[in-house]
Amino acid sequence: METKRATPSKSSSLRMRTWVAAVITGLIAGLSLSTTAATVPTATAMQLKSANAHDAAWVKKYNKRLRELVNKRRANHGFKPAKNTQCAAKWAAHWSAKMTKTGKFAHSDLGGLLNKCNANYASENIAMIWDGAKPRDIVRMWMNSPGHRANILNKKARLTGVSVRWDDKQQAWVAVQNFVRN
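If you read the sequence shown in this note's numbering, its first letter stands for residue 21, the second for the next number, and so on.
Bear in mind the hints are in silico, worked out from the structure with no lab data behind them.
It is possible that some hints are incorrect.
Said to hold, decoys possible - Listed next, the in silico BS3-like pairs over lysine-lysine satisfying Cα-Cα at most 27 angstroms (straight line):
1. 81 - 110
2. 189 - 84
3. 176 - 103
4. 121 - 100
5. 81 - 100
Please build the complete structure, drawing on both the sequences and the hints.
Here it is, written out as structure tokens:
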């Protein structure tokens, strides 16, 4: 596992900045399938803010934008977009909730994800970020980590689900993106 840490810049107090608290290399497992995803309009720059933590519509929009940007990176490298699937999204939501409840930042059991989604491939990216993180910041972080990048650019990753959730104890956001193929 790889952990990256950065500290906040004190000189930028007017604008919230993104810091990486921890990024853990994604786990890869699996086999194969295919899908397509609809083109989605470009969203304006969104920032994670603890004030939005309980606004379900805002969190849903942020999750969607995060998926869009991951798919843009996939397209830039010649891969089909990963289509949103309820099963992977529910698993991501379940896992982000568990991490915030227990305070343990770690990957889920991908065997459980494989079984739950009746999949033959599964991988996962997780991140912990502070207020001010834009979806592009999370994607950039993942693309700069070899394990996370491999998950995003894996041709077996055809379906996906995303969840971001505020952790009151850590005073940080937790992001989970699962990829599956059935």
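The hints, checked one at a time:
no., hint, result
1, 81 - 110, "16 angstroms, holds"
2, 189 - 84, "25 angstroms, holds"
3, 176 - 103, "12 angstroms, holds"
4, 121 - 100, "34 angstroms, violated"
5, 81 - 100, "22 angstroms, holds"
The structure fails hint 4 only (numbered hints given earlier).
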